[in-house]
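Which chain is which? The protein sequence lines are A and B, in order. Residues in the first sequence are numbered from 1 upward in steps of one, following our numbering. Residues in the second sequence are numbered from 1 upward in steps of one, following our numbering.
Some hints could be false.
Same chains, same names: a pair is fine if it fits in one copy or spans any two.
Stated by the list, open to error - Derived SDA-like pairs (lysine to any residue); straight-line CA-CA distance at most 25 angstroms: (1) 221 <-> 146; (2) 43 <-> 17; (3) 251 <-> 63; (4) 174 <-> 377; (5) 281 <-> 265; (6) 43 <-> 157.
If you're looking for bench data, these hints aren't it; they were derived computationally from the structure. Nothing here was measured: the structure is a model prediction, and the numbers come from that model.
The primary structure of each chain is shown beneath.
Number of protein chains: 2
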Amino acid sequence: MLKELLLPEIHELIEQREWSLLRDVLSTWSPAEIADLMLSVPKAERVLLYRALPQDLAHEVFAYLEPDQQINLLHELTDSESRELLAALSPDDRTALLSELPGDVTSRLLALLEPDDLREARWLLGYPEESVGRLMTPDFLALEPGWTVATALEYIRQHGQDRETLNRLYVCDKRQRLLGVVRLRALILADPTTTIAELMEETPRLSAFDDQETAVRVMEKFDLSVLPVVDSNGVLVGIVTFDDVLDVAEKEATEDIQKLGGMEALDISYRATPVSVLIRKRAGWLTALMLSEMLTTTALSVFEKQIEKAVVLVLFLPLVISSGGNSGSQAATLITRALALQEISFRDWWLVLRRELVSGLTLGSILGSLGFLRIELWTLLFGPVYGDHHLLIALTVGVGLIGIVLWGTTIGAMLPLLLYRLGFDPATSSAPFIATLVDVSGIIIYFVTAMLILGGRLL
Amino acid sequence: MLKELLLPEIHELIEQREWSLLRDVLSTWSPAEIADLMLSVPKAERVLLYRALPQDLAHEVFAYLEPDQQINLLHELTDSESRELLAALSPDDRTALLSELPGDVTSRLLALLEPDDLREARWLLGYPEESVGRLMTPDFLALEPGWTVATALEYIRQHGQDRETLNRLYVCDKRQRLLGVVRLRALILADPTTTIAELMEETPRLSAFDDQETAVRVMEKFDLSVLPVVDSNGVLVGIVTFDDVLDVAEKEATEDIQKLGGMEALDISYRATPVSVLIRKRAGWLTALMLSEMLTTTALSVFEKQIEKAVVLVLFLPLVISSGGNSGSQAATLITRALALQEISFRDWWLVLRRELVSGLTLGSILGSLGFLRIELWTLLFGPVYGDHHLLIALTVGVGLIGIVLWGTTIGAMLPLLLYRLGFDPATSSAPFIATLVDVSGIIIYFVTAMLILGGRLL
């Protein structure tokens, strides 16, 4: 963007403490652009830059910062600056901020809020984490069914100035129970004497206790940019807007990807995560995986005699067990994502099992043939590098691969479904986790196959 | 939902061919709900159900079906039914449908379109795949800066009936170049004699040739539910709405997850993908990975003598190399996702490298200590199960683990950055791919460590 060319000049203005000149330049920038700028100045200058901004703009910029940057900035602000800032944030932005803070900082900040805002913040915070209640804003306009279009438009003119969205206006009865929705465009296009009841349409709705993932699915299904949220009595308590939902969708995908990579999900961006946290989030799973992988040592000890007799079997061990891990990781990834997108659920286990058995058998046969051919081809080209029993060894590798790939695929597909059924996150069945599981069982499958085929000859 | 209770009755109505009764019942359902219903009836009945719906509703329902279901249904429709359907679809839905079809079916369908629609469809199809041009709809209203609010509202009343969104109205000069945006709510709240130029705000914009991923980032950054699309001359050519962008965001995440799982991305849902395609999308990568993994056999052959002398080293081989694969898979996943979310770019390689070297060394030391302790603990508990040189073997495993985890982490972090720099998809550096790479090099690191430590004694 053109504005990036201005960065050196901006930095100079900050260094020379030219606050009023800076304010003039920045007043034409959008809040998102200024938030980007704040990230590129040294930490110590951020609060100076923040204070140089016109107050309204400063508050908007704050809403665009990442949670950890918001917290850093908050530490630098005085109590009265914090109070003004908190009062100016929209309710859902305020909730997002407060729920990220350590408990004691939260209470210090809550103490700064005006009674009305305080009630709102406390109330929004009362819903479970990851629930729609945490995402919603109570910042909506409700119309009455008996009003005419003229009355409604007048009401909107008087009360609509600061609302987050006016594209869809909700209609409630006297007890605030949600009846339906009227689109702003319908109001504009209608005759002024029409009643709201005539223009009203049915609307999908969310419960405040629904999982945020539900908001993504419903919004996607009905192509709506805003959804109403009701409590257990059907009373309209808030709205959820598409921008929050888009954030949720991306965040859930990131969490799933990180878990599938075999680690705990980071809560914030890679760049903003300190190295110590990066290590902590990875060490837990790595250690657990290694402890399980120690079973491979136990399994191999069982077959130590066979290994001594036929060291040649060891040459193909990584090849054979990693193929099982790879096919298992494919299956686990497919099923985990399909579950997350609600394309399948637990009751589809039989369908999944049948499909994955067919896939596993086919893929196993392909890889098994490749393994067989590799050994025979090498023997043909380089002589008896794998000994006199090369044909039987090729057979062992081929048959072992079929068994291990079939087994890896089945485990990889069934484990996410099982975790899901038991109420755990299916993304826990990560590629490394499946690979570890299959390594242990793969060793057993491989050596048992070897003993069946080579028993009496090589073993 | 309550409506699921009605399913058996609906099925009975279909079986008894009670079309008019069915039409009455379904006329109160939303298109999305009817689309769900269509999936639950046998294929042969879908076209009957489609024909039973009032025509407008039928067209809306069609837009809610998945691409492959749309194609199946299209095959069953007559030419005149297809023509009516295509004309009724919104331009972006029509483009999505046409670009999914095999070429010959596309031309048959294009031939059915009216000249005006045809021009629109052809024009939308001219943009590269995955570009914003394929996502946009030319279905917007443009205002002129000199108009008053009253004129603008009258214009909207006359022309706004069928537009996809009216929340943000774009302002263009005489040559259709985009000047800015006016929000519908601002029009409602303003005095009727105000001019559009006074209410106009700046707006972020997309180029029709931008990647669709850009639309996700811009929409996320500015919290907008609709964005204008301009050509190289700044002429407004279309708009992109949040529902299409949400689909793109989810689709990109799914593709990345599937690639990270070590397979080609599916284009449609797991459930809708035939088993033959499932196998094909997996077999390619599995085969490639196995062919690379064959290098482990070559590497092990080099060390065959050492293995014969010290079979005990083999017992820890899967443990050691899998730990390298696991730590590499964590790093690759982290960096790939951070690249996709544009949290980092290639020029951050030095930052990433420093952080991952620290992480790799720390994680390697943790796992190395665990490996060392495992061997000494077993020796303490069960006697000299790993021979007289158990301390040196424990040292080999410990030091080998540090080296291999450090190496895995570094490769896992750098490879996605390199792929990204070279213009490939970083998600190609999947967990299985990294594991395979690290397996081969891990064997070399492990045995070289063993020769250095055990040389002269056991080896």
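Status of the hints after comparison with the structure:
no.: 1; hint: 221 <-> 146; result: neither (30 angstroms within a copy, 39 angstroms between copies)
no.: 2; hint: 43 <-> 17; result: within (15 angstroms within a copy, 71 angstroms between copies)
no.: 3; hint: 251 <-> 63; result: within (18 angstroms within a copy, 28 angstroms between copies)
no.: 4; hint: 174 <-> 377; result: neither (83 angstroms within a copy, 73 angstroms between copies)
no.: 5; hint: 281 <-> 265; result: within (7 angstroms within a copy, 28 angstroms between copies)
no.: 6; hint: 43 <-> 157; result: neither (42 angstroms within a copy, 51 angstroms between copies)
Checked against the numbered hints given earlier, the structure breaks hints 1, 4, 6 and satisfies all the rest.
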